[in-house]
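**Student:** Residues per chain are reported as follows:
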Amino acid sequence: MANVKFSVYPPCNVMRAFLKEIFIRTGSRVEFVDITREVEEAVRESGIRSGVAIIFTPHTTTGIFLNEDEGGLKKDLERVLERLIPGKGGYLHDEVDHNAYAHLRSIILGVSLAMPVENGGLMLGAWQSIFLAELDGPRGRRVYVKVIGSD
Amino acid sequence: MANVKFSVYPPCNVMRAFLKEIFIRTGSRVEFVDITREVEEAVRESGIRSGVAIIFTPHTTTGIFLNEDEGGLKKDLERVLERLIPGKGGYLHDEVDHNAYAHLRSIILGVSLAMPVENGGLMLGAWQSIFLAELDGPRGRRVYVKVIGSD
Amino acid sequence: MANVKFSVYPPCNVMRAFLKEIFIRTGSRVEFVDITREVEEAVRESGIRSGVAIIFTPHTTTGIFLNEDEGGLKKDLERVLERLIPGKGGYLHDEVDHNAYAHLRSIILGVSLAMPVENGGLMLGAWQSIFLAELDGPRGRRVYVKVIGSD
Chain A
1 MANVKFSVYP PCNVMRAFLK EIFIRTGSRV EFVDITREVE EAVRESGIRS GVAIIFTPHT
61 TTGIFLNEDE GGLKKDLERV LERLIPGKGG YLHDEVDHNA YAHLRSIILG VSLAMPVENG
121 GLMLGAWQSI FLAELDGPRG RRVYVKVIGS D
Chain B
1001 MANVKFSVYP PCNVMRAFLK EIFIRTGSRV EFVDITREVE EAVRESGIRS GVAIIFTPHT
1061 TTGIFLNEDE GGLKKDLERV LERLIPGKGG YLHDEVDHNA YAHLRSIILG VSLAMPVENG
1121 GLMLGAWQSI FLAELDGPRG RRVYVKVIGS D
Chain C
2001 MANVKFSVYP PCNVMRAFLK EIFIRTGSRV EFVDITREVE EAVRESGIRS GVAIIFTPHT
2061 TTGIFLNEDE GGLKKDLERV LERLIPGKGG YLHDEVDHNA YAHLRSIILG VSLAMPVENG
2121 GLMLGAWQSI FLAELDGPRG RRVYVKVIGS D
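Protein chains in written order, with our numbering: chain A, 1 to 151; chain B, 1001 to 1151; chain C, 2001 to 2151.
Just to be clear, a hint being listed does not mean it is correct.
Stated by the list, open to error - In silico lysine-lysine, PhoX-like type, Cα no more than 20 Å apart, as pairs: (1) B:K1075 - A:K88; (2) B:K1088 - C:K2075; (3) C:K2075 - C:K2088.
Think of the hints as simulated: they come from the structure by calculation, not from any bench.
My request is simple: use the sequences and hints to build the entire structure.
**Tutor:** This is the structure in structure tokens:
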């Protein structure tokens, strides 16, 4: 039996998929929350050594992006978004709800990120942090971390 | 033989990859087509229960994004794109072809989306729809749905 | 033994993950480098026939996008980025470092791309090229190509 196992097991990679939901309570109308630690923890929990991680937020007024966690830069981003897609812009959607600007900024930022996983961790660069962009808070928000790969 | 199978089969996940091409005929120059139903159908057809779906458009004047399917908001997005990247902008590429604005908007929106698949379906939020952005129509367009995961 | 192998091997897909790092030396402050050939080569090297490729840059002042490799269009994109997020914008991050504009443009362009792989190659459209956007060069830059799928 031991020989049989040995002869058939190696060609099969033990590929698996893992999912974790992260809950974040945001504190302001617009806010960029560093969720790197939570996402890295999810990848470690998955036990997957080599594969791909998808970081996804299931809302229409949030975004996901990668960049440096520096206070001045986060303020700069807030100002750039306000200049490109102003909070008050005479939007048609504001007749339904008062957050058209938040939807439009979410479309520009995107809600999904695909990253390589290697040696059991995310292949983040030295200055890269993972951010949830709250664009219509404060609210409770969710981020899904889906990891697919092999041990 | 039965015992042998039993002893080696369980560690192997039946991971598979599935591809579907979706064809969309757009009706105007700029248009945001809700393709959620078609993409969800592709994921169901794949038979994959847990994994990742990639939604990808192979054109240089289309985009893929997620947001709410509300008429006013779609008009707002059209106006925002026209303000940020005007149809007529004295672009150099317009000497080659007359659609530089459509290429530039495609770069800003992006052409690819990665999403978690769980329980045989996309993990879309309550208000999220999947859109193909037609930026230089009307034309016949393609979207690829690639699903990778296990039964 | 041969029979045993035959009876258990077919249900197991030989799913694998492959990683390649690409190094690029950029030549100017802002530059869009066509890396299609290098990424396609990585996918071929992987030997994976059907699956997903993740193209990821681990920097905070670069971006990844897909579009047409045409000289005029690349110049148009440079001008659009300069208009939307000017090099000199009185940014707070410029008190720490002098490249806030490059971080902000990276956030707008994104640093990750997920693509379907089929028949051993990327499913690129006829006019699509893969670009690394250098936003604060010239420098040595890295791009990771992670491929996951089956032979």
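**Student:** Hint by hint, say whether it matches the structure.
**Tutor:** Comparing the hints with the structure gives:
1. B:K1075 - A:K88: holds, 16 Å
2. B:K1088 - C:K2075: holds, 16 Å
3. C:K2075 - C:K2088: Holds, at roughly 19 Å.
Every hint from the earlier list agrees with this structure, and none is contradicted.
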